[in-house]
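One line per chain: the protein sequences are A and B, in this order. Using the numbering used here, the first residue of the first sequence is number 1, and each one after it goes up by one. Using the numbering used here, the first residue of the second sequence is number 1, and each one after it goes up by one.
Simulated from the structure, these hints should not be mistaken for lab results. The beta-carbon is built from N, C-alpha and C at its ideal position, and this holds for glycine as well. Fair warning: there could be bad hints in the mix.
As the list claims (entries may be wrong) - One side only, chain A facing chain B, incomplete, derived with CB under 10 Å: (1) Asn96; (2) Ile97; (3) Ala113; (4) Pro134; (5) Ser150; (6) Arg245; (7) Asp249; (8) Glu251; (9) Arg357; (10) Pro358; (11) Glu359; (12) Phe360; (13) Asn362; (14) Trp363; (15) Val364; (16) Arg365.
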Amino acid sequence: MIKEIIKNEIKFFNNWQSNRENDIYSIIKKEEISKYDFLNLLFNSDRNILELIAKKAKLLTDNYFGKMILLYAPLYISNFCINKCVYCGFSSLNKNIVRKKMEIKEIEKEMIALKQNGFDTILILTGDDRKNSPVEYIGEAVNIAKKYFSEILIEVYALTYDEYKYLVSKGLTGVTIYQETYDEKLYKRLHLTGPKKDFDFRLQAPERAIKAGVKEINIGCLLGLNKNFLLDVYLTSIHADYLQRNYTDVEISISYPRIQPAESAIKIKTQVNDIDFTRIITATRIFLPRIGLNLSTREKSYMRDNLIGLGITKMSAGSKTTVGGYASLTEDTGQFEINDRRKVDEIIKIIISMGYRPEFTNWVRI
Amino acid sequence: MDKEFEIAGKKLKSRFFIGTGKLPTYKLIPDIIKKTGIEVLTVAVRRINPASKVENIMDYIPKNIIIMVNTSGARNADEAVKIAKIGSEISGSKWIKIEIEADTKYLAPDNEETIKATKKLVQEGFSVFPYITPDLITAKKLEKAGAAAIMPLGSFIGTNKGITCETLIKPIIQEIKIPVIIDAGIGRPSHAAKAMEMGASAILVNTAIAIAKDPVKMAVAIDMAVKAGRIAYEIGILAEREFAEASSPLTGFLKDKKNDKRNNKK
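Based on the provided sequences and hints, a complete structural model is requested.
Spelled out as structure tokens, the structure:
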């Protein structure tokens, strides 16, 4: 069903562009905005209007989420990958990186290090390689994580319903899975070979996970893959809205990672600049007032600091995108370049100085 | 006007309860308590983190304050009951606010599951405060189940819209014998006064205080409004009139009561 919706929304998006309305003030005053309104906000390049959008976004975020930012940490347990995704640092196209997989004992050490840093929410990541990181291996990692964390999310390859169900039985609470781009033709061009090439299987993964019992879903698109990046922003929001309406008891979040040209095997022509990025975050907040919005350490520190309160509800902090790296030092290459390398304690200080409460716990393990 | 009233066997003076989840820092709590005299705070179980390297809320709540443990995050009765027990154990409190939100878009409480959880927790000896979408029948069922009070929402959480559910809350206040605490939607002092004028036993506020430029001052302002509204309610509020009252009443000709035999009731 989501496939059909995406198809129709692409048509809607393409038609809409030819008849824009410009009464932005009345849109900002509205209590709930329509998808027409949302597109009007996304396509408005007036800086004064952006200021109004940001003010509204801040008010909505404060009202619905309070003066609080949730912190989480990613843990890469394996970087083996058989996909050829032209934009990714872990792609099998990349022959320069050391492939590694942590033993369960090492994983536990890393988790203890994260726990000592205060974290209570962990995101466990692997590359797409069912031989080197099978579901059972991910299950073992989740099971260990249960000892230390209230919330356990995974960001791995798209799984079947039964596999998600198995992981939920081990303690999994949430799934992060990015469609990268909702433009199927482009998707097929960017994913040369490998299981990830199956656009539909990935698109339907969030719903399989929800049906298997997770309580939290985080979706997203990699900004910059699509020259028409606002189309991906629009469709990500439509997807989130669809999930929120159809699975009302599941917490839905969005991430908008911006691609960094350096990490990619192909030349990335589209750069989403800071102004565009801020507009994307704040306009999404107005369209979807109760959706979580994540910001990773891909973003530079000054963007991260200043976006606190403007829509963002969750942030990673002190992250490593190498396999391990919290309990032991590593010189390996990560999946992507970290732009905010500050330690957790520094991030905590910044959040407090912005008038927000850093929070590590979001769930009671029952 | 510090007349005591009773909820769940406790005598309270303040009719103003405060939620803590959205505060920018828990350090504000002692000052809010000092300046308002509030006696009840709600604390979400999922926010109690004794291992927190930042702030553990329990460190900021004085011993004499009643903690109302809140089950927010629960999606059904079973989860709410489990969360309530965990929270009671950590906080040492038997007061449980049941908050079951099976809808993340509006944070609408699930009344059906709330009734189930209330029955279960009352049986186990807790003082139960169910948070509901205002519905008289649900309120009656909860009263019968032994709830300590009913907590209907004034408007959806975080909307600051005031008592937009007035017409649904009024019959609850009218028909239910246990206290009614209006929770959610109160965005400013006038909303709080309105709730008290309607006859609510108490109110609960979180967002309006937490996101105010000066949370302590906003708490003080709302506290004054709660007191004002309650005094007015107790002495009886004059009904609103659509027309000015004529100084010579239209029925003035009916002066002569003594001669009117039909009015001769003893």
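Hints, verified against the model:
1. For asparagine 96 of chain A, the suggested interface contact is broken, since its CB lies about 37 Å from the closest CB of chain B, more than 10 Å.
2. A hinted interface residue such as isoleucine 97 of chain A counts as satisfied when its beta carbon comes closer than 10 Å to some beta carbon of chain B; here the least separation is about 33 Å, so the hint is violated.
3. Hint status for alanine 113 of chain A relative to chain B: violated, with the closest Cβ pair at about 14 Å, above 10 Å.
4. With a cut of 10 Å, the hint placing proline 134 of chain A at the interface with chain B is violated, because the nearest CB-to-CB distance is about 30 Å.
5. Annotation: serine 150 of chain A was flagged as interfacial toward chain B, and the flag holds, the nearest CB pair being 8 Å apart, inside 10 Å.
6. Contact between arginine 245 of chain A and chain B, as hinted, is supported at the beta carbon level, the nearest pair being about 7 Å apart and thus within 10 Å.
7. The interface hint given for aspartate 249 of chain A is met, as the beta carbon of that residue sits about 4 Å from the closest beta carbon of chain B, less than 10 Å.
8. Annotation: glutamate 251 of chain A was flagged as interfacial toward chain B, and the flag holds, the nearest CB pair being 6 Å apart, inside 10 Å.
9. For the restraint placing arginine 357 of chain A at the interface with chain B, the shortest Cβ-Cβ distance is roughly 5 Å, inside the 10 Å limit, so the hint holds.
10. With its C-beta approaching chain B no nearer than about 5 Å, proline 358 of chain A sits inside the 10 Å limit, and its interface hint holds.
11. At about 7 Å, the closest approach between the beta carbon of glutamate 359 of chain A and any beta carbon in chain B falls short of 10 Å, and the interface hint on this residue holds.
12. Among the interface hints, the one on phenylalanine 360 of chain A holds; its C-beta lies about 6 Å from the nearest C-beta in chain B, closer than the 10 Å criterion.
13. Interface hint at asparagine 362 of chain A: satisfied, since its Cβ lies 6 Å from the closest Cβ of chain B, which is below the 10 Å cut-off.
14. A distance limit of 10 Å between C-beta atoms decides the matter here; for tryptophan 363 of chain A the minimum to chain B is near 5 Å, and the interface restraint holds.
15. About 5 Å separates the beta-carbon of valine 364 of chain A from the nearest beta-carbon of chain B, less than 10 Å, and the hint is met.
16. Hint on arginine 365 of chain A holds. Least Cβ distance to chain B is approximately 9 Å, under the 10 Å limit.
Hints 1, 2, 3 and 4, counting from the list given before, are not met by this structure.
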